[in-house]
Amino acid sequence: MKKIRTLIIDDEQLGRDLIKAYIAKHEGYEVLAECNNGFDGIKQINEMKPDLIFLDIQMPKLTGFEMLELIDSPPVIIFTTAYDQYALKAFDVNATDYLLKPFSEDRFNDSLVKAEKLLSNKAVSLSKFQDILKTAEASREALERVVVKNQQKITLVPVEEIKYIEAQDDYTMLYAEKGNFLKQKTMKYFEESLNSKDFVRIHRSYIVRLALIKQIELLEKESYQIILHDGKKLPVSKTGYSKLKDLF
Amino acid sequence: MSNPFTTNRKIFAAYASMWFLIFLSHVAIIMIVQDIKFYAALVDSFFFNFLYLIIGIGIWYTVRFNNLESYTPLKIFLDHIVSAVITAVIWVAASEFIVSKILSQENFYLEFLNQSLIWRFLIGILYYIALVSINYVIIYYNNFQEKVLKEVELKGLVKEAELNALKYQINPHFIFNSLNSISSLTISNPQRAQEMTIKLSSFLRSTLVKNDNQKSRLIDELNNAMLYMDIEKIRFADKFEFVEEIKPECKEVEVPNMILQPLFENAVKHGVYESLEKVIIKLSCSIEKEYFKIIVENNFDPESVPKRGAGIGIKNIQNRMKLIYNQDNLVVVDKTNSTFKITIYIPMS
Numbered sequence: 004m005k006k007i008r009t010l011i012i013d014d015e016q017l018g019r020d021l022i023k024a025y026i027a028k029h030e031g032y033e034v035l036a037e038c039n040n041g042f043d044g045i046k047q048i049n050e051m052k053p054d055l056i057f058l059d060i061q062m063p064k065l066t067g068f069e070m071l072e073l074i075d076s077p078p079v080i081i082f083t084t085a086y087d088q089y090a091l092k093a094f095d096v097n098a099t100d101y102l103l104k105p106f107s108e109d110r111f112n113d114s115l116v117k118a119e120k121l122l123s124n125k126a127v128s129l130s131k132f133q134d135i136l137k138t139a140e141a142s143r144e145a146l147e148r149v150v151v152k153n154q155q156k157i158t159l160v161p162v163e164e165i166k167y168i169e170a171q172d173d174y175t176m177l178y179a180e181k182g183n184f185l186k187q188k189t190m191k192y193f194e195e196s197l198n199s200k201d202f203v204r205i206h207r208s209y210i211v212r213l214a215l216i217k218q219i220e221l222l223e224k225e226s227y228q229i230i231l232h233d234g235k236k237l238p239v240s241k242t243g244y245s246k247l248k249d250l251f
Numbered sequence: 310m311s312n313p314f315t316t317n318r319k320i321f322a323a324y325a326s327m328w329f330l331i332f333l334s335h336v337a338i339i340m341i342v343q344d345i346k347f348y349a350a351l352v353d354s355f356f357f358n359f360l361y362l363i364i365g366i367g368i369w370y371t372v373r374f375n376n377l378e379s380y381t382p383l384k385i386f387l388d389h390i391v392s393a394v395i396t397a398v399i400w401v402a403a404s405e406f407i408v409s410k411i412l413s414q415e416n417f418y419l420e421f422l423n424q425s426l427i428w429r430f431l432i433g434i435l436y437y438i439a440l441v442s443i444n445y446v447i448i449y450y451n452n453f454q455e456k457v458l459k460e461v462e463l464k465g466l467v468k469e470a471e472l473n474a475l476k477y478q479i480n481p482h483f484i485f486n487s488l489n490s491i492s493s494l495t496i497s498n499p500q501r502a503q504e505m506t507i508k509l510s511s512f513l514r515s516t517l518v519k520n521d522n523q524k525s526r527l528i529d530e531l532n533n534a535m536l537y538m539d540i541e542k543i544r545f546a547d548k549f550e551f552v553e554e555i556k557p558e559c560k561e562v563e564v565p566n567m568i569l570q571p572l573f574e575n576a577v578k579h580g581v582y583e584s585l586e587k588v589i590i591k592l593s594c595s596i597e598k599e600y601f602k603i604i605v606e607n608n609f610d611p612e613s614v615p616k617r618g619a620g621i622g623i624k625n626i627q628n629r630m631k632l633i634y635n636q637d638n639l640v641v642v643d644k645t646n647s648t649f650k651i652t653i654y655i656p657m658s
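These protein sequences, in sequence, are chains A and B. For the first sequence, the residue numbers in this note's numbering are 4 to 251. For the second sequence, the residue numbers in this note's numbering are 310 to 658.
Honestly, the hints are just simulated from the structure, not real lab data. For glycine and all other residues, C-beta sits at the position ideal for the given N, C-alpha and C.
The following label-pair restraints were derived from C-beta to C-beta distances:
#	chain 1	residue 1	chain 2	residue 2	range
1	B	Lys587	A	Gln155	20 to 28 Å
2	B	Gln523	A	Ala24	43 to 51 Å
3	B	Lys459	A	Ser240	48 to 56 Å
4	A	Lys236	B	Glu553	51 to 59 Å
5	A	Ile219	B	Leu517	55 to 63 Å
Please model the complete structure; the sequences and the hints are all you need to start from.
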């Protein structure tokens, strides 16, 4: 039988050792690699395309949740974490499983059984992954940084540095201080995740940082545009205009 | 504090009623004692007293800027004498001017007015003294109330700080991760597992003991904080190094309890947890003229994007230092793009 190809992602050596020791007793598994941070994790997942990953949440560089946004072909995920916030409760239904550190060998074996079940049905495991992604987004308190991948380079864009966002088909373009970044997320996603005190959606295709608006200008009857401090002009829709009017 | 006579309705009402009573007595007295006609007495009393009512409101400011705490009694006394004389002169002159215009036909009254000017001047001084006294009483009462309020607020702050300290001591994330490390070590290296169990227990015990002593020697503080560092060292063996540069004379200096461990924890959290490279955490101390300086420095990954909610530990220390020494700026944070340095100034008394 083909072995289940597994990746362990945890920033603590001892945490990885424990999983390795537990999994070594199961013949059907092969540990491909260990990663001690999110960047490396992403690289290994996209290169090796494992069937199963053990994923810690709090790690340097990228958190486990942020990593999920950048995965090309999603594996089955078992979270291993001491993360103690209520956020994890949401995964009860959706995630494959999560192991709260420290966990027993029996509990670990249970999660393997669940994972195997999911692995036998590709369609279910894919929809599970989507569920996990959504739950991870929903459980996040406020968006603080956006992870973007440009070819092979991963960049963390702090939300403070985003100037405005433009819709581009299924993607969005983030205009930030250090450059422009394409992100595979919808305008709706950003409208909901960004703090409404800082950002406002002024148009179907634009979300802009409030503090950067220099003035609102009447173009022709009932048609407006805004001018940013750096001189950039952006169109404003009717609903966008009424939102701005309420804010100023 | 703004003028209570214009901002507080109750005080103004009392003030106006007082003047109304004076007004009535004034009318009665000059009618009965000096045989002044009712009409003349009414005009006289009205203008004199009404004018003082208005001038009196301004007396507040002479009191406000002559508060008892900031100036010597002699200066306050002299200021008020000058102010009383000026007030009385202006009052008498202005009132006399108006009243003598209105009652220019009443010769009998005008004669009485001229003769009574000096007495009116003295009464003006008397009114001044009375109003100043009332004003000082109001200020005193207000300060007293403010003080009570402040005390209540301060008590709340102390409670909050205590609560924060408590919350802070129990960091479940750290505890569970450490337990997981122990769990892992029981398989690979039982002896280290035992070692770590003991360290973790000692550390937890030290945070649970309620130490009534606000202060302890630096060396005791360090030994305690090292329990924490040793545990983190087991978790992140090759990810950080701790360097300690403490001169022998510093070891005996008394410092507030539980002040080092939060600094270390902060360095580990934002340095070690978020970095891939080795992080060096350095502790140094020095004795200066007025302060004992404790410095904790660490490098961090400049590319790590700080998460919000950072620095609760530092804030806690700032609050505590302020409560203990009643002084601001005893905790100074110095951050460059790859190093973090925090300096604690402990006043030497």
